[in-house]
Amino acid sequence: MKLAVMINEGPYQHQSSDSAYNFVKAALDKGHEIFRIFFYHDGVNNATRLTIPPQDDRNVIERWSALSKEHNLDLVVCIAAAQRRGLLDENEAKRNGKTADNIVDGFRISGLGQLIEAGIQADRLVVFGD
Amino acid sequence: MKLAVMINEGPYQHQSSDSAYNFVKAALDKGHEIFRIFFYHDGVNNATRLTIPPQDDRNVIERWSALSKEHNLDLVVCIAAAQRRGLLDENEAKRNGKTADNIVDGFRISGLGQLIEAGIQADRLVVFGD
Amino acid sequence: MEGGEVKKFMYLNRKAPYGTIYALESLEVVLVAAAFDQDVSLAFVDDGVYQLAANQETTPTTGIGMKNFSPTYKALGDYDITKLYVEKESLEERGLTLDNLMALTYEDEDDDWAEKPSIHLVSREELAGVMDEQEVIFSF
Amino acid sequence: MEGGEVKKFMYLNRKAPYGTIYALESLEVVLVAAAFDQDVSLAFVDDGVYQLAANQETTPTTGIGMKNFSPTYKALGDYDITKLYVEKESLEERGLTLDNLMALTYEDEDDDWAEKPSIHLVSREELAGVMDEQEVIFSF
Amino acid sequence: MAILHTVNKSPFEKNALESCLNLSKAGSAVLLFEDGVYAATKGTVWAAKVTAAMSDKKVYVMTPDLAARGMKADNVIDGIEMVDYAGFVDLVTEYSATQAWL
Amino acid sequence: MAILHTVNKSPFEKNALESCLNLSKAGSAVLLFEDGVYAATKGTVWAAKVTAAMSDKKVYVMTPDLAARGMKADNVIDGIEMVDYAGFVDLVTEYSATQAWL
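Residue numbers (my numbering), protein chains in the order written: chain A, 1 to 130; chain B, 1001 to 1130; chain C, 2001 to 2140; chain D, 3001 to 3140; chain E, 4001 to 4102; chain F, 5001 to 5102.
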């Protein structure tokens, strides 16, 4: 089946991103297609490449980034939510005169239409939040 | 009186940072001393200089940064919480081999001892969270 | 999306405005969704009913200093988003009636552009029925 | 902080572990606070009592993949943090007794290093009294 | 030596107010702000409990938060005192400590 | 055409489970995960309400979340089915839509 996932909370503060990761991994193991994972609200904070988590804990961002590479996942960060919270890719940073960018490999920034499209195209939408 | 403030949530997702700002401003207007404002948990996200909020809404980060300059406030971001969530100053970025930093002027990164010290030194501690 | 499938989309709103951003960012999704020609419903349950409260006021000087986004709900009718279900029991528990909410309307093009209410007061039982028919549910 | 003032510090824990990070990061504050020689109490109320549950298990393969930080509570005694107040009513509402919690102890240097429990089961009434005496209260 | 308790969540959504009322002593104060202000409004299923608490505690509500949520003095339970951020600061200094029910 | 409802919050802390039970139809399913798993444990003040819901709904609980919180099969109310993440995926595909009670 074609599954879409929405994640509403950032890494570490809430379990949402962890639960979503475990769900997505299990779905891939079963041969389902992950149509898209959409990061909304504080969920956009899952895309920063600047985290340095404690060595004895999981690395939430790296895990997503690696899974994306392995399975060619479409990880989409909402541009409006990201701008509010300080998540930028190189283009956005340049366009807005910001002196740094912080998006990790494997994520792309796009609009809310991508979420609606995921709802239309996927057979199921599963939302993880607070 | 000497007041200390702790902020546990990031900008925009929760009202905590807004309420704390309005509280601190009112306290300064009344002539109280703000001993320190300590940003913990997702509160560390208040220190990013990469946000681009909508033009018709308040700029939470700029507001703190400006107030800090005007009143010489001590805005402290917890280093452990910040590392988990991807908030870094130039030194931290260099030391950890990260390719960018994102702390805005007016905030400094330090340890949890600064929170305890604030509890000891200030006459009152007020906590804003979720 | 012409010629595409039309799905039943529901936006579930259970949280109060301002204390958290979910209400505002949910509304931003709904506005974008309007362009996709799906069968859109909004549910306002629990503290979600407070999102529709009339007379919301925020100012930078004496107020909370956040953006008052409540006028945007009034635009939903123009985007053909006309099914806003408000749970009666949630209103009652909060001492509210429809009179405490904004008057949201749309012009019905199938009825000579008559102005009609977008807010539908439904019982818990009725809302459960509406929810049960949905194909895609967005929660915030 | 020698010669300094000693204040009554309370750490208020009302949230369950793992679902959110507050329990873990609260514990990190408490460990740092131990070095400051203040009069430290911890309150576990509502879902906060779940933080002390025995037998917590997380693994990356079959578990939730988050760090199991519950062993850290067992170190509190070594840091002279020995006043962990657990509200009786909160336990009861959750069908729990002290037997469901980790056995946390400390060695009392004033009593020939006798091993004593750090967890103090208190009634709501008693806990309200303890809270009322605090000078600095950290909430998470 | 009385404590100022702050509650920023709706009593319908979270158990913060209930715990606060259960664990605060007579003579203490409760400030309702952010989504907590709904507890100060008339006619809700929580109104009786809040009114009862006023028998031995002072209850305050943040006016700017009420206004944002479409509420005015008319909507507030009799006996609850309305304050702004300056009033919040005064409460913090008047009471011996502040306890946030997050 | 039945819905899978997911609840990830403790019933003691938030009203998500209560609303979910009020608004879910007979024949639907409820999955308790993250802090929601406490609702699946025996002896709580919520146990009766959850048991009653099982008269016309299936209730599932996430085993890895139980384990993290120190709970095992022994602690789970009779009749609630334990699932892992693979089971979660199966539920999502078996039911016609998923509704998260955040």
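Everything labelled a hint here was simulated from the structure, so no lab data went into it.
None of these values were measured; they are calculated from a predicted model.
Accuracy of the hints is not assured; some may be wrong.
Claimed, not checked - Here are the computed lysine to aspartate or glutamate pairs in the EDC-like style, where the Cα-Cα straight-line distance is at most 16 Å:
#1 F:LYS5025 - C:GLU2057
#2 B:LYS1002 - E:ASP4074
#3 C:LYS2008 - A:ASP123
#4 A:LYS25 - F:GLU5081
#5 D:LYS3008 - B:ASP1123
#6 E:LYS4072 - C:GLU2115
#7 F:LYS5042 - F:GLU5081
#8 F:LYS5042 - D:GLU3093
Hint check:
1. Simply put, LYS5025 of chain F and GLU2057 of chain C have alpha-carbon atoms about 38 Å apart, too far for the 16 Å limit, and the pair is violated.
2. A threshold of 16 Å between alpha carbons decides the hint, and for LYS1002 of chain B with ASP4074 of chain E the separation of about 36 Å lies outside it, so the pair is violated.
3. For the hint linking LYS2008 of chain C to ASP123 of chain A, the alpha-carbon distance of about 12 Å falls within 16 Å, and the restraint holds.
4. Between LYS25 of chain A and GLU5081 of chain F the CA atoms are separated by roughly 21 Å; this puts the pair beyond 16 Å, and the hint is violated.
5. Straight-line distance between C-alpha atoms of LYS3008 of chain D and ASP1123 of chain B comes to about 12 Å, which keeps the hinted pair within the 16 Å bound.
6. Restraint check: the Cα-Cα separation between LYS4072 of chain E and GLU2115 of chain C comes to about 30 Å, which exceeds 16 Å; the hinted pair is violated.
7. Restraint check: the Cα-Cα separation between LYS5042 of chain F and GLU5081 of chain F comes to about 14 Å, which is no more than 16 Å; the hinted pair holds.
8. The suggested pairing of LYS5042 of chain F with GLU3093 of chain D holds, with an alpha-carbon distance near 11 Å, which does not exceed 16 Å.
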